[in-house]
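> Letter by letter, the chains look like this.
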Amino acid sequence: MPAIAAPSKLSVFWGRRTERENELIEPNSPSRRTFLFFRQLIEEGNSTSKFLEIAGKYRELRTSLHDCNFLTDNWDSYDAPKPERHSMEMAEGLLRKLFADLFMANRVIPSAEGGVAIYFNNEKKTAYVEYRNSGSVILAMYDDKSDPIIIELSESDDDQSRALSLIKNYISA
Amino acid sequence: MHQDGRAPDDALDATELFYRRYSLAHFVEGHVLPQSISFPKPSFNRSKYSNPEDVLHVDCCNGKELSGWGVVESAVADLCISRESGDKQKLTLYPKHVPLPTCYAHSELWCQSETSNDVKPSQSVKEKFRIELSRALKVRIPATA
Chain G
716 MPAIAAPSKL SVFWGRRTER ENELIEPNSP SRRTFLFFRQ LIEEGNSTSK FLEIAGKYRE
776 LRTSLHDCNF LTDNWDSYDA PKPERHSMEM AEGLLRKLFA DLFMANRVIP SAEGGVAIYF
836 NNEKKTAYVE YRNSGSVILA MYDDKSDPII IELSESDDDQ SRALSLIKNY ISA
Chain R
101 MHQDGRAPDD ALDATELFYR RYSLAHFVEG HVLPQSISFP KPSFNRSKYS NPEDVLHVDC
161 CNGKELSGWG VVESAVADLC ISRESGDKQK LTLYPKHVPL PTCYAHSELW CQSETSNDVK
221 PSQSVKEKFR IELSRALKVR IPATA
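Protein chains in written order, with the working numbering: chain G, 716 to 888; chain R, 101 to 245.
Think of the hints as simulated: they come from the structure by calculation, not from any bench.
In this text, a Cβ means the ideal position worked out from N, Cα and C, and glycines have one as well.
Be careful, since some hints might not be right.
Stated by the list, open to error - Here are the computed lysine-lysine pairs in the DSS-like style, where the Cα-Cα straight-line distance is at most 27 Å:
| hint | chain 1 | residue 1 | chain 2 | residue 2 |
| --- | --- | --- | --- | --- |
| 1 | R | LYS141 | G | LYS860 |
| 2 | G | LYS797 | R | LYS141 |
| 3 | R | LYS148 | R | LYS238 |
| 4 | G | LYS860 | R | LYS190 |
| 5 | G | LYS860 | R | LYS148 |
| 6 | R | LYS220 | G | LYS797 |
| 7 | G | LYS812 | G | LYS772 |
| 8 | G | LYS860 | R | LYS164 |
| 9 | R | LYS238 | G | LYS839 |
| 10 | G | LYS797 | R | LYS190 |
Stated by the list, open to error - Residues of chain R placed beyond 10 Å of chain G at every Cβ, according to the derived structure:
| hint | residue |
| --- | --- |
| 11 | ALA111 |
| 12 | ALA125 |
| 13 | PRO134 |
| 14 | ILE137 |
| 15 | LYS148 |
| 16 | PRO152 |
| 17 | ASP187 |
| 18 | TYR194 |
| 19 | TRP210 |
| 20 | SER213 |
| 21 | ASP218 |
| 22 | ALA236 |
| 23 | THR244 |
Produce the complete structure using the sequences and hints provided.
This is the structure in structure tokens:
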């Protein structure tokens, strides 16, 4: 049994809807309290749904990272070294930071250079942080056409935060 | 497919294709990822002495069987990418036929400057090369794994 009336009935109940989909106008009537109650519920539901989505992706990426443990040298048949524990720990640290910031990457990928990359992309832009076995850290940001932006970072906590901030700004802009 | 005592063939046409294998782990929205390419001297098979599927043959795979892997390709001309180094030198990738005993078609992309035919690019330039190469390579045999 549905707890909330169908949208068409809600429209009647709340008087009117805006022309924009799913946006409700606060009524000037005794039903205002009901309206506020449901609006809060909807906002909480959306927020919880977003959080669960990010949490699910976080688990998926940690599993991908864990799977890198099972790679052996020459895993790509082009002599790629297996990712070393240190580079995977660095990647895991960035994943934790991302999760704390409720901003999630798309993939965790072993690198043919030896190491692990955390990869972000949307329709037009791509970014990654690659933690190499050598200890070097590369941040790359690019789209389909422009010259890639490459920044060499250290393994410090500050640089990890810097990478996160730069990627968020780049991908979200 | 084996070298069988044959010497390298230095005549490489700009329209000749270079093939390289890839897995789905390194594939997003129609392109291989830069993480599938390593420097120095990334490996390819040249089309003059190889079919695309030969890249997946165990003799050209360093002894590995790679079930479900695919093949990407690009014309040599599109892989000869240039970038400026930090000290303003022009660095350019160029193809070189480097046969292996069990894979005669094996070739590499080397990096040259105006003064040397074998330059190790900086981290930044190397990363730009990896990204540009990943943009240039197109799917020839789709990977399924």
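> Beyond 10 Å from chain G, beta-carbon-wise, is PRO134/R?
violated (7 Å)
> Please confirm whether ALA236/R is truly not at the interface, meaning its C-beta sits more than 10 Å away from all C-beta atoms of chain G.
Check passes; 12 Å lies beyond 10 Å.
> Is the Cβ of SER213/R farther than 10 Å from every Cβ of chain G?
Given a closest Cβ separation of 19 Å, the condition holds.
> With a cut-off of 27 Å on the C-alpha distance, tell me whether LYS860/G and LYS164/R pass.
violated (36 Å)
> So is ALA111/R really clear of chain G, every C-beta pair being over 10 Å apart?
holds (25 Å)
> Would the non-interface assignment of LYS148/R survive a Cβ cutoff of 10 Å against chain G?
holds (21 Å)
> Between LYS148/R and LYS238/R, is the straight-line Cα distance small enough, at 27 Å or below?
OK: LYS148/R and LYS238/R at ~18 Å, within 27 Å.
> Beyond 10 Å from every Cβ of chain G: is that where the Cβ of ALA125/R lies?
Violated, because the least Cβ-Cβ distance between ALA125/R and chain G comes to about 6 Å, which does not exceed 10 Å.
> Between LYS220/R and LYS797/G, is the straight-line Cα distance small enough, at 27 Å or below?
Given that 27 Å is the threshold and the Cα spacing comes to 22 Å, the pair holds.
> Mind verifying the non-interface call on PRO152/R? Its CB should be farther than 10 Å from each CB in chain G.
holds (16 Å)
> With the threshold set at 27 Å, check whether the alpha-carbon distance from LYS860/G to LYS190/R stays at or below it.
holds (20 Å)
> Hint check: LYS238/R vs LYS839/G, CA-CA at most 27 Å. Holds or violated?
holds (18 Å)
In this structure, the hints that do not hold are numbers 5, 8, 10, 12, 13, 14, in rising order.
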